[in-house]
Amino acid sequence: MGSYVLRRVLQMIPVFFGTTLLIFLMVYTLPGDPVSALFGEKAADPAVVASIKHKYYLDQPIWKQYLHYMGNLFQGDFGTSFTGRPVSDIMADAFPVTIRLALLAFVFEMVFGLLLGLVSGLKRGSVRDTLVLILTLLVISIPVFVLAYIAQTVFATNLGWVTPTVQDSKDLSQLILPAIVLGSLSLAYVARLTRTSIGENLRADYMRTAVAKGLPRRTIVTRHLLRNSLIPVVTFLGTDLGALMGGAIVTEGIFNVQGVGNVLYRAINQKEGPTVVGIVTVLVIVYLVASLVVDLLYAVLDPRIRYA
Amino acid sequence: MPVATRARWVLAAATSVALVAGGCSSSDDGGSSGSSDSSKTFSYQSSEPQNPLQPANANETGGGRIIQNLFKGLVDYDPSNAKIRMQVADTIETSDSQTFTITLKDGWKFHDGTPVHAKNFVDAWNWGATTANNQINSSWFSDIEGYQDVHPASGQPTSDKMSGLTVVDDLHFTVKLSGKVSYFEYKLGYIAFSPLPDAFFGDPAGYGQKPVGNGPYQFVSWDHNQQLTTKAFPDYQGVDKPKNGGVVFKMYSTAEAAYADLQSNNLDVMDQVPPSALATYKADLGDRAVDEPQGAIQNIGFTLYQADWASPDKAKVRQGLSMAIDRDTITKTVLQGSRKPATAWVAEGVEGYKDGQCGEFCTFDAAKAKQLITEGGGVPGNRLTITYNADGGHKEWVDAVCNSIRQSTGVDCVGDPKPDFKTARAAITGHQIDGAFRTGWVQDYPLNANFLADVYRTGAASNDFGYSNPQFDQLATQADQAASVADSVTGYQQAEAVLPSGMPAIPLWYYRTTSGYSTKVQNVKFDSFGNPAWTQVEVIG
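First to last, the protein sequences are chains S and Z.
All residue numbers for the first sequence refer to our numbering, where the first residue is 1 and numbers rise by one.
All residue numbers for the second sequence refer to our numbering, where the first residue is 1001 and numbers rise by one.
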């Protein structure tokens, strides 16, 4: 187990270098000159452009820029954005917001997704099963921004329960509505995955054995059925946590949540290399750690799986 | 024309005030105004500044609007009529339009309590002009003698002081320009010319995060990407004393989000309503909807540096293309009334604006258009490509313009979208454009010279067309040397009258400020920059 984790952690190192290099190259190949763009519609002043490029190390060849960036990174310096703010400060502002939002969405989709999946999977073909299927189909087929605008109109403009946008991105209670919107699509997937998985396992031999042993129904469902059915769901949830953190751009835009998605979008638009690479690097690490945790959870859920 | 829109606004304001007063039963002053509380703040839709908050470093709306409130320069522009008015300056005198003697008013203070003296201006301008300080707006100081020493075209500066700036005493300094610029005082209203306190020069970077100015509002806090809070500065000496307690700049990443907040009173004044709400915002907001002229124009520029477009005959083709565009219909339908058809190269509402400078060439006449294009030898390859940036909401109208040209003249016309603004700009300034491109001009200061000298003069920084007309240049130079601003304005009007013959750019339409405000504020008026008259906004108590 310990050596397995160690091996996985060591594997992260080349992935980390590979992704930072790739992202760095991608930002570099984006068209247009970010420094000239600072001047807007007016003609850029060549002397100032040259001076700013020098300041941000942009006048060097790409491989030098990368080495310079990595060198600073290992000293804990993520670089500086064009606003003069250190990228580490920008991330320290944005990540707590996004982590809150992603965790809320995650808890929402997990709790309600599993519940709905269980409810429908235990009695396939029943009315409640059909209802869950229709409901999830509806959620899957509606794009997330439509859902967001509907939620905004209904709960803020019509009912007045919440403000249309998030007034304070660090306030957990205000993030509930965006989190529900953000998590709704994954909720549908979780519900359907759980439903299918439970339906299959209901017919498994160990289930018949458990019933024949005379175990109480609650124990059968939670200890035997649900635990065995969770493996595909956990795989999905693990990767989804990463997606929730990096992919909330649309939802964050509509609800004006000042999280990672918004910052990343703006940084890509302005071709602000250090900000983009810094944020994506952290997101990659989140993905790697999440997938490691998922793999370890397999062993917990299914005793037949052993890591050595 | 500005008069008409002004009148309509006044009417709307009066009704809104009446409604407010009616709804507020405890208000018994019986006057025409709802009771306002001068200690309360209001919120304004903003975006995170792109650069540190230094006056010479803010050229985008996010940072620019904040700087405008934290600083006050020698002069500014009256929001109601865009005329220049004295602020820190008592007088600006010149006898030859080249050397200006500036006298400051006594008693102005920075937010840290230190006095605003002549050296604060001179030091700030020198600092802003020097290449090493990386200031985006440094070219604003290029009129001043000695600019080449602190900001050479290449290489290291030989000095950090411009020889044209001389401090006489605490309240007097002189500015000597390298040439005559009769309207120089108009430029002085731009934020780059703001004074800086002595404390700035010790730590410019730290100051950029916590600016100390001399404007109507002082900096309180900056919660990055969320909001920047200011409060009214009690010692403010300007003619526009704040009628509210401060401005809170709330950062929004989309206009849709801001509009939703405005409708529910979570945001008080917004910048521009989103395109998706243009059709409905007047119905949504009623008397709180704003529709005012703005000092900005949209054009289609031509690559006169290309052999195909260089010959004098091709001016007729460009005139013809201009006449093939049905501006009325496009502004009403595709742009939903958010623009107004242009009849000149200077935007409406700007000092020196003269209706109809473009003459018949800016009217829609398919038959005449066809005839002119044929006379001019036709569009090269009978195909026109209009390059534009795809991230600015231009696609719809470029397609409409192309349709209009295609239908009325049979010339094949297509849009050529570049992914974003910086890519399009790189193609335009790198002369990698084939035929035509979207361009535009937003006023730096509300004077016609700004729309003409900076764009159409031979070799001007924003002359992306390669346009060069000796007659235009000569008239512009004469206007620069005029004895007064009024003469300069007339001079530039004469220069503008030369443009139809060469048609380097087709004027399309003027921008308008389409905005609105919440029920918590009143007396919200917008100036030609599209900014609310910040200090005049009243928060209903």
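Rather than coming from a laboratory, the hints here were simulated on the basis of the structure.
Glycine residues also receive a C-beta, built at the ideal position from the N, C-alpha and C atoms.
Fair warning: there could be bad hints in the mix.
[Stated by the list, open to error] Straight-line alpha carbon distances no greater than 25 Å define the calculated DSS-like cross-link-like pairs of lysine-lysine that follow:
| id | chain 1 | residue 1 | chain 2 | residue 2 |
| --- | --- | --- | --- | --- |
| 1 | Z | LYS1105 | S | LYS55 |
| 2 | Z | LYS1105 | Z | LYS1282 |
| 3 | S | LYS170 | Z | LYS1354 |
| 4 | Z | LYS1161 | S | LYS53 |
[Unchecked claim] Beta-carbon label-pair distances, calculated as ranges:
| id | chain 1 | residue 1 | chain 2 | residue 2 | range |
| --- | --- | --- | --- | --- | --- |
| 5 | S | THR153 | Z | VAL1334 | 24 to 30 Å |
| 6 | Z | VAL1334 | S | PRO61 | 44 to 50 Å |
| 7 | Z | GLY1359 | S | TRP161 | 56 to 62 Å |
| 8 | S | ARG7 | Z | ASN1265 | 44 to 50 Å |
Verification of the hints:
1. Restraint check for LYS1105/Z and LYS55/S: the C-alpha separation of about 39 Å exceeds 25 Å, so the hint is violated.
2. The hinted pair formed by LYS1105/Z and LYS1282/Z fails the criterion: a straight-line CA distance of about 43 Å is larger than 25 Å.
3. About 52 Å separates the Cα atoms of LYS170/S and LYS1354/Z, which puts this hinted pair outside 25 Å; it is violated.
4. A threshold of 25 Å between alpha carbons decides the hint, and for LYS1161/Z with LYS53/S the separation of about 24 Å falls inside it, so the pair holds.
5. Range check, THR153/S to VAL1334/Z: about 26 Å between beta-carbon atoms, so the 24 to 30 Å window is met.
6. Distance hint for VAL1334/Z and PRO61/S: a CB-CB separation of about 46 Å, consistent with the stated range 44 to 50 Å.
7. Taken as a hint, the range 56 to 62 Å holds for the pair GLY1359/Z and TRP161/S, whose Cβ atoms sit roughly 58 Å apart.
8. Separation of ARG7/S from ASN1265/Z is about 57 Å and departs from the stated range, judged on CB atoms against 44 to 50 Å.
In summary, the numbered hints that this structure violates are 1, 2, 3, 8.
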